[in-house]
Amino acid sequence: MIFAFLIQTLRIAVPYLFAAAGGVVAERAGVISLTLEGFMLSGAFGAALGAFYSGSPWVGVLCGALAGLLFGLLHAVASIRFRADQVVAGIAINLLAAGLTRFFLKLFFDSSSNSPRVPGFGSGAGTSLAAGVFSNPLVWMGLLVIPALAWWMYRTPFGLRVRAVGEHPQAAETLGVRVKRVRYVAVAMSGLLASLGGVYLALDQHQFTDGMTAGRGFIAIAAVIFGRWDPARAGIACLLFAAAETLQIQLQGAQLIPSQFVQMIPYALTIVALAGVVRRAVPPAALGRAD
Amino acid sequence: MTGADPGATMPGAPRPADAISMKGIVKRFGSVVANDGAELDVIAGEIHAVVGENGAGKSTMMRILAGLYAPDAGTVAVLGTDVTGWRTADAIAAGVGMVHQHFMLVPPLTIAENVILGREPTRGMAIDMPRAVAEVQRVAEEFGFEMDPHRRVADLSVGEAQRVEILKTLFRGARILILDEPTALLSPPEITELWRVLRRLRDSGGTIVLITHKLDEVMDVSRRITVMRHGRTVARLLTAETTPTEIARAMVGREVALMGAAPPAPSRSTASAGLSIANLVVSGSRRERAVDGVSLTVGAGEIVGIAGVEGNGQTELVEAIAGLRAVTSGTIALGTRDVTRLTVRARAAAGLAHIPEDRHRRGLILDYSIADNLILGDQHEYTKGATLDRGRIASQASEKIRQFDIRPPDATLAARGLSGGNQQKIVIAREMGDEFTVLLASQPTRGVDVGAIEFIHAELRAARDAGKAVLLVSAELTEILALSDRVAVMYGGRIAAALPRAEATTETLGPLMTGATLAGSAAS
Amino acid sequence: MSTPTARVQLEESLLPPFVALLIAVAAGDILILSFGQQPGDVWLTMLRGTWGNAYGFGQVLYKATTLIFTGLAVSLGVRAGMFNIGAEGQLAAGGGGAALTGLLFPAATPALLVIVACMVAASAAGGAVGYIPGALKARFGAHEVITTIMLNFIVLGFLNYLIAARIHVPETLHTPALATGFLTRLSEIASPFHGSAANASVLVAVAAAAVAGWYLFRTRAGYELRAVGLQPDAAEYGGVNVGRVWTKTLALSGALAGLGGINYVLGYKHYYEEGFASGAGFLGIAVALVGRSHPLGVVLAALFFATLSQGGLAINALVPKQMVEVLQGVVILAITASVPEVRRVLQLGRATPRAEHV
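Chains as they are written, first to last, in the numbering used here: chain A, -13 to 277; chain B, 12 to 535; chain C, 13 to 370.
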């Protein structure tokens, strides 16, 4: 029972972990990432497209990551090169991802709702849920992405530069750090990481469906803020939010609390964190400022 | 690659005279000319002072030297090599380091992380933190700094933070160190410590360029002096052969009468207090007690000047009086009325006028028209029901534009497009054009042209003569001395001393501004 | 009198939408060509299907109505220096509030009374949703962008709970229909509009734009609101309670978005249905952006985006209607990227003292 609960939690958490990792990277570099939803959606569609035409889920992973990377670069160009308002640019990226995936769904698959079945990871029907989850390499990657990110942020030169650039870009500049380049790389990485969350969704469900990310990118933003922009804490927030969802699914029959209220938990917690009821969540000092 | 060895002797400079040679430097920002053919020559192994008034182009010159700006014309040579238009990274690699006026430190990072940023020692893909810490510690010890590299910069004092800044340049093997107004925020013991560090650096073969406008510092530590004015180099002096008066004359371009510029104020009755402050404590953004128990009275018909190095609590004091900053304890009264807890608007109604220190941030809404700016703070008076009374706003605007000679005389123009002097005239017209009893004038002539300065000074004197109580805060000692009937000196959030105008001179005020007590200044 | 500054300001306002339009047309051409169609034909079809006949135009008006409300809501926030990303939730709350209020009245109640009650309820519901992030910002400094986004999900979840678990017509996600309080349809006055959903709400929307313009540019409250948006420190110096303006503005902004709910509930379907807002809140950001946060600009921009949206249906036989969603994204991205660029280019020719560098 507990094992099943943990497995289900993990399954729900994987997309959050990828997207939150992407959110942490971009925001720590000083670029607002309301874009996670769009990055995930583009990753999901890229994965379905690649897996469908190649027959290999790995090609799907590559195509999904590439789509995320391209959207990440688009956000980077708008926010860094053109100093666009990062909030607005993020919303535009999300609209663009939703529109383009729908348009291409029509163009490539002549459908307005979903792609055909595509190959994914996992051993298909008949095996247990646990076996299915653990045979999926993306689950393992999702588990590793947070520790890897924490190591990268806190132990490598580039991670140090990302943290410096998000707090005090002028200081980094005077030491010869190429601020814009660091931000470009961080936002592109953010697109790539978050898109893997979408890749996981598409390959797990063996198809792309319209709007399949269903607000998960915003839950990931909630996790980033609730985790106070720290990789480990954001990862824990993802697991927490996923556990709440699992609980809600498993208690559905019991009708203790309406499911809608359980679903509100991440959003309500984020508002509480921002208002500083326990300990105020303070964003990176240069977040959202292009200059 | 890691920090070079700062103990090594200077790499063979061809001629010692050529540590730095900047010739014919021109730099424009839009229509503003910051440097207009400026020159600088620094000999290796000396402490060289670059002095000049605010806006003389010193900082721009140094930023060009450090690779942050490229000059529009002119050449820069370091150690005999032409480096014109180089970038920050090139300057660092060539051993030129700059300590900025506003610290370039990342507060949440540790000292070690701040120091190694941009040239992190690595092992594999990761930062070799033990080695980084050891190297930071070694360089620190070599120059007599005591610090724990693991501490967060956010937790450091101003003096400690500055030492981290210097450490950053030394870690990069800097042999030429540029310091931009390094003492602006330091306490006297910290300043002494800084001079010790700089002399030690010089003795080990380093070259130091010091930007400042404080003449006592120049006389104290420098060997040679370059004086700048209006973007040009106007004098090169040997410290041992010059005097503060000579430097000051070169800085200002005319004979400066540091003393006795103001006609002695007629003695008047200060029986009726315009503004009384008692035991005021105010917390600032950086310090808990930015104003630390100030008591002060400004009588009707009197100008009290507050002198002091910026950052000693003057801003917080003025904001607290104006109602823009919460008071921790103590009282503020206008006449006999306690206004300590009143809103900005209620204080204005009680007779307070306020010329804020930063007109671009507070004093004006730059995108509003002249007319709309002239009612800021009085917007409740200019209404008809819920709407603004456009007719009255326009007529009072044309009245004040005429009365205060605001140019161009078009009330519909946005304030942003006006010159600094005319922008300040809008503020003056608004604050002094109507009834008031107490005036707070904070840096009233900052960044305005000479004509406007005279106009503003005349307005302030006229207000005094009309029986208003005026509290003047200025970083310009000459301005304080030219206008005040009494002078108070603020240091470390307290009133270090309050002197009648007759006793206030550069000689008596200078030591007080740097923390000496009255008795101590007599001894020095 | 046309001063140089005024001309530059006008250019600064009008150039970005123009640039964005050009980029959107270029992007549209690529999408159209990718589907093997002629761009000229498709654009012409789009125009004919929207402004070319009464039905299409009626639909444009209907869609523009909601967008005017949400666009005004976002604009009001922008003028006070805030981003209200919560118009989506505020609009839904307004629709829900209107429907729940309308259901209280029996069929015999005078329609006007019900309409007024529903309008008040819609504004109040949206205003309450807007008030929360305003108060959180004023009290705790919580950034309104994040709190409004999060509140969207909370509000939509709460409405989903009400509809799914409490009051709904079985097998649907909508409330029962109101018995009275319907707004007049345009087709009841002019028959060519038959079938289109345009209704008297459009008049309320235009009136709201006029009132918003009056409030922003004619009243003392508007003077203070814009001062807070331009320079909060200067506003504070001018005796304005900045926190109170933030709270008040976001509450008003929410009320405007909420009032938009009557277009669907009183003017079209006469019930609240889940998802009726369907992105109109987010599109309100685009409308405010293109309309440069000016009420007149908002009305024009709302018509533009409504045309695009209705135009998608008109061209669906040639190119998937999803193309217009892509174009919406392109327009927003292009305009937000070109605003700073245009300002920079225009300022090159303008004398701007930069004292901090001297």
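Everything labelled a hint here was simulated from the structure, so no lab data went into it.
Watch out, some of these pointers could steer you wrong.
Dumping the calculated DSSO-like pairs for lysine-lysine here, alpha-carbon to alpha-carbon at most 27 Å [stated by the list, open to error]:
id : chain 1 : residue 1 : chain 2 : residue 2
1  : B       : Lys225    : B       : Lys34
2  : B       : Lys395    : C       : Lys260
3  : C       : Lys333    : A       : Lys92
4  : C       : Lys260    : C       : Lys333
So these bits of chain A aren't anywhere near chain C, every CB distance computed over 10 Å [claimed, not checked]:
id : residue
5  : Thr(-5)
6  : Val45
7  : Ala117
8  : Lys166
9  : Arg219
10 : Gln236
This structure is a prediction, so every number in the text was calculated from the model and none was measured.
Each residue gets a CB set at the ideal place from its N, CA and C atoms; glycine is no exception.
A quick look at each hint next to the structure:
no.: 1; hint: B:Lys225 to B:Lys34; in the structure: holds (25 Å)
no.: 2; hint: B:Lys395 to C:Lys260; in the structure: holds (21 Å)
no.: 3; hint: C:Lys333 to A:Lys92; in the structure: holds (10 Å)
no.: 4; hint: C:Lys260 to C:Lys333; in the structure: violated (39 Å)
no.: 5; hint: Thr(-5); in the structure: holds (20 Å)
no.: 6; hint: Val45; in the structure: holds (22 Å)
no.: 7; hint: Ala117; in the structure: holds (34 Å)
no.: 8; hint: Lys166; in the structure: holds (15 Å)
no.: 9; hint: Arg219; in the structure: holds (17 Å)
no.: 10; hint: Gln236; in the structure: holds (19 Å)
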